[in-house]
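> Those sequence lines, one after another, are chains A and B. In our numbering, each residue carries its 1-based index in the first sequence increased by 3. In our numbering, each residue carries its 1-based index in the second sequence increased by 7.
Check the hints yourself; a few may be wrong.
[Said to hold, decoys possible] Calculated cross-link-like contacts (lysine-lysine; reagent style PhoX-like; alpha-carbon spacing at most 25 Å): (1) A:27 with A:72; (2) A:103 with B:72; (3) B:72 with B:18; (4) A:52 with A:27; (5) A:103 with A:72; (6) B:118 with B:25; (7) B:64 with A:103; (8) A:103 with B:118; (9) A:27 with B:64; (10) A:72 with A:52; (11) B:64 with B:18; (12) B:72 with B:118.
[Stated by the list, open to error] If you want the footprint, here are the derived chain B segments under chain A, 3+ residues with CB under 8 Å: (13) 37-44; (14) 52-61.
[Said to hold, decoys possible] Partner residues aside, some chain A positions facing chain B, computed with beta carbon under 8 Å: (15) 33; (16) 35; (17) 37; (18) 46; (19) 47; (20) 49; (21) 51; (22) 52; (23) 93; (24) 97; (25) 102; (26) 103; (27) 104; (28) 106; (29) 107; (30) 109.
It is worth saying that the hints were derived from the structure and are not from the lab. Positions of the beta carbon are idealized from the N, C-alpha and C atoms, including for glycine.
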Amino acid sequence: AQSVTQPDARVTVSEGASLQLRCKYSYSATPYLFWYVQYPRQGLQLLLKYYSGDPVVQGVNSFEAEFSKSNSSFHLQKASVHWSDSAVYFCALSSTGGYKVVFGSGTRLLVSP
Amino acid sequence: EAAVTQSPRNKVAVTGGKVTLSCNQTNNHNNMYWYRQDTGHGLRLIHYSYGAGSTEKGDIPDGYKASRPSQENFSLILELATPSQTSVYFCASGVGTGGNTGQLYFGEGSKLTVL
Numbered sequence: 004a005q006s007v008t009q010p011d012a013r014v015t016v017s018e019g020a021s022l023q024l025r026c027k028y029s030y031s032a033t034p035y036l037f038w039y040v041q042y043p044r045q046g047l048q049l050l051l052k053y054y055s056g057d058p059v060v061q062g063v064n065s066f067e068a069e070f071s072k073s074n075s076s077f078h079l080q081k082a083s084v085h086w087s088d089s090a091v092y093f094c095a096l097s098s099t100g101g102y103k104v105v106f107g108s109g110t111r112l113l114v115s116p
Numbered sequence: 008e009a010a011v012t013q014s015p016r017n018k019v020a021v022t023g024g025k026v027t028l029s030c031n032q033t034n035n036h037n038n039m040y041w042y043r044q045d046t047g048h049g050l051r052l053i054h055y056s057y058g059a060g061s062t063e064k065g066d067i068p069d070g071y072k073a074s075r076p077s078q079e080n081f082s083l084i085l086e087l088a089t090p091s092q093t094s095v096y097f098c099a100s101g102v103g104t105g106g107n108t109g110q111l112y113f114g115e116g117s118k119l120t121v122l
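Could you build all of it, start to finish, from the sequences and the hints given here?
Okay, here's the thing in structure tokens:
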């Protein structure tokens, strides 16, 4: 069975500060991992994805994530957040065949001025 | 422009009634998915499909049926709606193989209220 855990339901950071949103996964094989963002009253949009190779992947809007097989983690990071980054962020895992895609419970990010 | 379109966007139903949520995609993707989003639970997978004529149970299929009559269309059916099915439902499409395996493209959601 595959699963994704996002341990932080809410994270608040000050504008200009750095950010890390945590994601842990459980999957018996090599996973395909994703981060999505959801703005109010919208569907989810892809931020970045990891399939293999370099464990640090770059995404849109200066987000990056680091894959760790030993820790079963895929944490999202940003060096300096902007108020417009306030949204809900989801970590997701796809089975190797790409059929079943499961999501974590999401982390609501609030960027304070 | 490639897109995933859901209808209706808002629906109020009565307990015991039948509800059908429809999804159309112009991405030409093989895979389609139905999720529900609830506070504290994130997105939970209800049903998915990897091609016309196929449907698979996700993690929370009870009380839901799915239908994939064509590559483009994937419906979620609530035969006997209950208040616990009040939620926001998202449809998504995705490729099953190749460079974008597992990457999903989402519709804007359908808000269902069951009274």
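> Tell me if the interface restraint on residue 107 of chain A is satisfied: Cβ within less than 8 Å of some Cβ in chain B.
holds, 6 Å
> Take the stretch 37-44 of chain B, compare each residue's beta carbon with every beta carbon of chain A, and decide whether three or more fall closer than 8 Å.
holds (count 3)
> Is the interface hint for residue 47 of chain A satisfied, with its Cβ closer than 8 Å to some Cβ of chain B?
holds, 5 Å
> Between residue 64 of chain B and residue 103 of chain A, does the CA-CA distance stay at or below 25 Å?
holds, 10 Å
> Need the status of pair residue 72 of chain B, residue 118 of chain B: alpha-carbon distance at most 25 Å?
holds, 18 Å
> With the threshold set at 25 Å, check whether the alpha-carbon distance from residue 64 of chain B to residue 18 of chain B stays at or below it.
Holds: residue 64 of chain B and residue 18 of chain B sit about 24 Å apart, inside 25 Å.
> Straight-line Cα separation of residue 103 of chain A and residue 72 of chain A no greater than 25 Å?
holds, 20 Å
> Taking only the CA atoms, is the gap from residue 72 of chain B to residue 18 of chain B under or equal to 25 Å?
holds, 18 Å
> Closer than 8 Å between Cβ atoms is the bar; does residue 109 of chain A clear it against chain B? Give me holds or violated.
holds, 4 Å
> Is the interface hint satisfied for residue 49 of chain A? The criterion is a beta-carbon contact with chain B at less than 8 Å.
Residue 49 of chain A check passes; min Cβ-Cβ to chain B is 6 Å, inside 8 Å.
> Just to be careful, I want the Cα atoms of residue 118 of chain B and residue 25 of chain B compared with a cutoff of 25 Å; is the pair within it?
Measuring from Cα to Cα gives roughly 15 Å; hence the hint holds.
> Is the Cα-Cα distance between residue 27 of chain A and residue 72 of chain A 25 Å or less?
holds, 10 Å
Hint violations for this structure: numbers 15, 21, all remaining hints satisfied.
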